Amino acid sequence: MSYFDLLRLAWPEASIVLTALVVLAIGLTNRGTRPAITLLAMVGIALAIKNVLRLPHDAILFNGMLVISPLTSLFKIVSLALAFFTVALAQSESSLRHYAEYIAILLLACVGLMLLVGSEELLTIFIGLELLGLSLYVLTAFDKIDIYSAEAGLKYFLFGSTASAFTLFGISLVYGMAGSTSLAVLAQKLSVTNAQPLLAAGIVMTLIGFAFKIAAAPFHLWAPDVYQGAPIPSAAFIASGSKVASFVVLGKILLVGFDSARGSSDWHAMIAGWSPIISLLAAMSILLGNFVALAQTNVRRLLAYSAVAHGGYTLLGLLAGDRDGFSATLFYTTIYALTLLGAFGVIALVRRETGGDDLQNFAGLGQRSPLLAVCMSIFLLSLAGLPPLAGFFGKFYLFSSAFRAGANHGLLWLVALALFGSLISLYYYLIVLKVIFLDERSTTATAPAARPMLVEVATGVLAALVLLFGVDPSGLVARIVAALA
Amino acid sequence: MSLHPYFEIVVFVGVALIFPVMPLILAWMWRRFFQPPKPGAAKNATYECGMESLGEAQIQFRSQYYLYAIIFLIFDVEAVFLVPFAVAFTGLPVGAFLSILVFLLLLIEGLVWAWGKGCLNWAK
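So the protein sequences, as listed, match chains D and W. Numbering follows this note's numbering, in which position 2 of the first sequence is assigned residue number 1480; successive positions increment by one, without gaps. Numbering follows this note's numbering, in which position 41 of the second sequence is assigned residue number 46; successive positions increment by one, without gaps.
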């Protein structure tokens, strides 16, 4: 294995790093205007997508530290696409005073995502997790003047570093048991060892870092503050990119690495393993997320609690555990990421015009800008899971795969809980829509400034995608299923 | 008679405890029984290598210094990676040389960026 092969296989990541460096350098010169930097970053990301498409079909480097497979390529493209839309959102965000640095760190976070999805080895996964985490802490606290941004950044950092420490300790315990950090070798070794208490501790601790990243209760405490306080593009990227990559890698770790320690979470036959733990996380997330979201008056905070609930739904696919379940998880989290990016796009536009993102700031949006209001209703109804939007198919796929899994419909209790949660969530999404379409326009709204084109276009494209994947999900599902084969 | 293999360590720990604790006990006993109680300004002063101490110990210092500390970290990390590279230099292929150059490029860009942003100017 020569260095040139390595460079060839890691070229998408390397090209994004190069783009970040060029963006930083351009930002120092007086040519570093916002449009120029945005264009540069977008071209860099587009080129990286092209590079991913030109990767070989299958390759494994250094015991799985860098893996190229249809699955990793697909989710590298998804990560890059999410970063692309985030750059579009960032372009008109007035709170970002050091724009070039912001975009450079965003690109580095994107490299973290690509490392996460493109690795099947615990140490590289941890490095990806840290690169992503450190970048996101900075992105969260980027608006130095806003105290909410600073508070969110500090909370995210403190929770995140503690969770990482637990994960690293868990990884070290698992390594001590198995003697290898490669997921494939791990699966082999763990299947012949008896489940010992030490292994259980290792698995639980490893899971904590991922539960933190996907904001599953009770590791969700950072999410509301970060979603509300961070600059909008950062919050959008945390809600979308970080979550997708975490689910991909969590699925790989659970279903490949720890497969032999699965246990069972069937209600009539619980067996110790990671499955009961994950099912507990899922149940708590669904209940807590949905009930607390009912009481929110700030739209970003509401989306944060609904994100906790959606994290819970998405875990159902991993509990189902077969190929169908994993592909349902991947489909749902991808759709969810696109939807949330779009919703944050609408919030960015509303905040720009009314100076806030509380519920009353959305009053009269239906009269002020009907198109934007329609986009927001597409996103919210997709989150609630109404047909014909993508969220409906995603939920259907997820719940049906969980329903069929296990002997005797053992996961029925969780599916019922998730359906109950979806029912509750419909209420608070509809409250937002009621404010948008029925409430009178508040008097505090200032004169509408010129809308930034890029954000509008990005939001429109995302709404179209959500509609498209709802009407015809077969393309994406077929791709994911083929990638998992 | 064979001693336990860890016996030497126990002895070691005992000696390590006795050496610091004994002088402390002796000093305490000397103070308790022989020292006349005559406090004075010079006697109560903080011992600073024979110099008279100036001002309070709890002072405010300029936090701008943290920027220099962070930038110093760049070179600190650089040394950690460059020293093993230099030791093994003769046995390494061209690819390794190129990748260490990439690493240096990353650090240099960091320094150039910090310089260009004015982080090296002392903020008043």
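The set of hints was computed from the structure by calculation and includes no laboratory data. One should not assume that every hint holds.
What the hints assert, rightly or not - Here are some, though not all, of the chain D residues that point toward chain W, as calculated from beta-carbon distances under 10 Å: (1) Ser1480; (2) Tyr1481; (3) Phe1482; (4) Leu1485; (5) Leu1487; (6) Ala1503; (7) Gly1505; (8) Leu1506; (9) Thr1507; (10) Ala1537; (11) Ile1538; (12) His1576; (13) Glu1579.
Said to hold, decoys possible - Below 30 Å or equal to it, Euclidean Cα-Cα: the simulated DSS-like pairs (lysine-lysine) are: (14) D:Lys1633 to W:Lys122; (15) D:Lys1622 to D:Lys1633; (16) D:Lys1622 to W:Lys122.
Please read these numbers as outputs of a predicted model, since none were measured by experiment. For each residue, glycine too, the CB sits at the ideal point set by N, CA and C.
Against the structure, the hints come out as follows:
1. Residue-level restraint check for Ser1480 of chain D holds (minimum Cβ-Cβ distance to chain W is 6 Å; threshold 10 Å).
2. Annotation: interface hint on Tyr1481 of chain D holds; nearest CB of chain W at approximately 3 Å, less than 10 Å.
3. About 7 Å separates the beta-carbon of Phe1482 of chain D from the nearest beta-carbon of chain W, less than 10 Å, and the hint is met.
4. Interface restraint check for Leu1485 of chain D: the shortest CB-CB distance to chain W comes to about 8 Å, inside 10 Å, so the restraint holds.
5. Of the supplied interface hints, the one on Leu1487 of chain D is violated, with its beta-carbon coming no nearer than about 14 Å to a beta-carbon of chain W, more than 10 Å.
6. Taking 10 Å as the C-beta cut-off, the interface hint given for Ala1503 of chain D holds, the closest approach to chain W being about 7 Å.
7. Taken as an interface hint, Gly1505 of chain D checks out: its beta carbon lies about 8 Å from the nearest beta carbon of chain W, inside 10 Å.
8. Among the interface hints, the one on Leu1506 of chain D holds; its C-beta lies about 4 Å from the nearest C-beta in chain W, closer than the 10 Å criterion.
9. Hint status for Thr1507 of chain D: holds, given a least beta-carbon distance of 9 Å to chain W, under 10 Å.
10. Annotation: interface hint on Ala1537 of chain D violated; nearest CB of chain W at approximately 17 Å, more than 10 Å.
11. The restraint placing Ile1538 of chain D at the interface with chain W is violated, with a minimum CB-CB distance near 19 Å, outside the 10 Å limit.
12. Restraint check, His1576 of chain D versus chain W: the minimum CB separation of about 8 Å is within 10 Å; hint holds.
13. The beta carbon of Glu1579 of chain D comes within 8 Å of a beta carbon in chain W, closer than 10 Å, and the hint placing it at the interface holds.
14. The suggested pairing of Lys1633 of chain D with Lys122 of chain W holds, with an alpha-carbon distance near 28 Å, which does not exceed 30 Å.
15. Between Lys1622 of chain D and Lys1633 of chain D the alpha-carbon distance is near 15 Å, which keeps this suggested pair within the 30 Å criterion.
16. Taken as a hint, the Lys1622 of chain D and Lys122 of chain W pair is honoured in the structure, with Cα atoms around 17 Å apart against an allowance of 30 Å.
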